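Undergrad: In case you want the letters, here they are:
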Amino acid sequence: MKKTIALLSLTFLVVSAVVLSSAYKVGDTITDFKLKNIDDKLVSLSDYKEAKGYIIVFTCNHCPYAKAYEDRIIDLQNKYGKIYPVIAINPNDAVKYPDDSFENMKKRAKEKKFPFVYLHDESQSVAQLFGATKTPHVYLIQKEGVKNVIKYIGAIDNNYQDAKAATEFYVVDAIAALEAGKDISIKETKAIGCGIKWKE
Amino acid sequence: MKIFICWALLMGLIFFQGDVEVIKWAALEEYMDKKEDKIKVINFWATWCKPCMDELPYFEQIHEEYKDKNIEVLLVSLDQASMKDKVKASLKKNNVTAKAVLLDEVDFNKWINLVDTTWSGSIPATLIISKNNTSKTFYERQFTKQQLEELIHSLKP
Chain R
1 MKKTIALLSL TFLVVSAVVL SSAYKVGDTI TDFKLKNIDD KLVSLSDYKE
51 AKGYIIVFTC NHCPYAKAYE DRIIDLQNKY GKIYPVIAIN PNDAVKYPDD
101 SFENMKKRAK EKKFPFVYLH DESQSVAQLF GATKTPHVYL IQKEGVKNVI
151 KYIGAIDNNY QDAKAATEFY VVDAIAALEA GKDISIKETK AIGCGIKWKE
Chain P
1 MKIFICWALL MGLIFFQGDV EVIKWAALEE YMDKKEDKIK VINFWATWCK
51 PCMDELPYFE QIHEEYKDKN IEVLLVSLDQ ASMKDKVKAS LKKNNVTAKA
101 VLLDEVDFNK WINLVDTTWS GSIPATLIIS KNNTSKTFYE RQFTKQQLEE
151 LIHSLKP
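For the record, the sequence lines run as chains R and P. Each residue of the first sequence is one higher than the last, beginning at 1 in the working numbering. Each residue of the second sequence is one higher than the last, beginning at 1 in the working numbering.
Since the hints were derived computationally from the structure, they do not count as laboratory data. Just so it is clear, the structure is predicted and the values come from calculations on it, not from any experiment. We treat Cβ as the ideally placed atom computed from N, Cα and C, and that holds for glycine. Please note that the accuracy of each hint is not assured.
Reference listing, derived: stretches of chain P covered by chain R, where coverage requires no fewer than 3 residues with Cβ under 8 Å from a Cβ of chain R [said to hold, decoys possible]:
1. 96–108
2. 111–122
Heads up, incomplete: computed chain R residues facing chain P, CB under 10 Å, no partners named [stated by the list, open to error]:
3. Thr135
4. Gly154
5. Thr167
6. Ala191
Below, simulated DSBU-like cross-link-like pairs (lysine-lysine); rule was C-alpha separation at most 35 Å, straight line [stated by the list, open to error]:
7. P:Lys99 with R:Lys67
8. R:Lys49 with R:Lys187
9. R:Lys106 with P:Lys40
10. P:Lys136 with R:Lys67
11. P:Lys24 with R:Lys190
12. R:Lys190 with P:Lys93
13. R:Lys96 with P:Lys24
14. P:Lys93 with R:Lys107
15. P:Lys50 with R:Lys36
16. R:Lys143 with P:Lys110
17. R:Lys199 with P:Lys93
18. P:Lys86 with R:Lys112
19. R:Lys113 with P:Lys84
20. R:Lys113 with P:Lys50
21. P:Lys86 with R:Lys190
22. R:Lys190 with P:Lys34
23. R:Lys96 with P:Lys92
24. R:Lys190 with P:Lys40
25. P:Lys50 with R:Lys67
26. P:Lys34 with R:Lys199
27. R:Lys25 with P:Lys145
28. P:Lys110 with R:Lys67
29. P:Lys131 with R:Lys190
30. R:Lys164 with P:Lys110
31. P:Lys92 with R:Lys190
32. P:Lys156 with R:Lys190
33. P:Lys110 with R:Lys96
34. R:Lys190 with P:Lys99
35. P:Lys84 with R:Lys110
36. R:Lys113 with P:Lys34
37. P:Lys93 with R:Lys96
38. R:Lys187 with P:Lys110
39. P:Lys131 with R:Lys67
40. R:Lys187 with P:Lys92
Go ahead and model the full structure; you've got the sequences and the hints to work with.
TA: Structure below.
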């Protein structure tokens with residue numbers, strides 16, 4: 001009996017791994033979504049008629065890595081917002097992390113004067129669709145005609161502790177390459193982050 | 001008497017638990033690659049990570065139960081090196097005696113894939129290396145007590 005349970009658990013683990021790998025990859029076209037912003041208005045990618053693309057960042061209030069990158073996300077919006085607006089999305093279950101509730105998102109955005117939209121993925125469907133696993137987790141998107149194509153997935157840079165000590169600026173470099181019509185040299189990076197808290 | 005004090009000090013050093021060595025990736029890689037006659041259970045965690053803290057006691061239980069049965073638990077903290085004291089305090093609070101290190105490597109992209117190519121980077125995460133390094137299994141997830149016990153039992157140490 002114990003063996004059967006063990007086998008079943010293992011099967012479950014393997015199946016979960018397979019489900020996770022069905023996430024969006026670089027080169028994939030993403031589906032647009034509609035999520036509530038901290039000003040209570042619904043936001044979709046298609047609202048940004050002038051944009052050449054988007055910097056979609058799954059982030060949240062409570063995670064120390066997300067906090068460490070807040071100022072850098074603000075900088076990205078200030079620098080590239082007109083052509084590549086930052087779309088910040090908090091997908092965390094507020095029951096497990098009350099810090100990440102919609103009310104607290106509003107508070108945090110006000111405290112930090114977020115110059116970008118901060119959307120609440122309450123049903124977690126957008127994070128699931130993307131296959132986002134952690135915060136912060138960046139997806140750089142470029143508009144190609146009617147399609148929104150993923151060009152880069154990963155971290156913002158290579159030093160979460162100290163922005164000044166970073167030596168590789170993945171998102172900035174990827175945007176520069178897109179703007180220059182060149183191939184992006186690093187299309188995907190990995191970083192430690194806070195696992196997205198899924199609803200039970 | 002002197003001999004006794006020396007012996008007591010020595011035993012104290014040997015059994016002194018709760019210290020956390022700050023290591024670099026090269027040291028962890030060497031540990032992972034070294035072929036040894038034991039199963040290595042390597043858990044990546046951090047003090048700020050609630051699900052990690054939830055499962056920490058289960059890893060300690062596995063350590064207690066299997067330390068003499070060829071299973072070695074290694075807890076790898078991904079906290080900032082400057083948080084070493086907090087790491088030590090939280091291990092102490094949880095009565096953890098399993099071996100613990102703090103991996104001081106912020107350039108994550110350089111080493112995450114070397115742990116496992118399927119790891120997206122969220123924690124908790126656990127790598128299990130079989131005896132003599134013949135196979136590796138990686139779990140990017142949180143375990144319940146029962147799930148971890150069943151998994152370890154299925155390894156048949």
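Undergrad: Run through the hints listed earlier and report the numbers of any the structure violates, in increasing order.
TA: The structure conflicts with hints 9, 26, 36, 39, 40, although it agrees with all the remaining ones.
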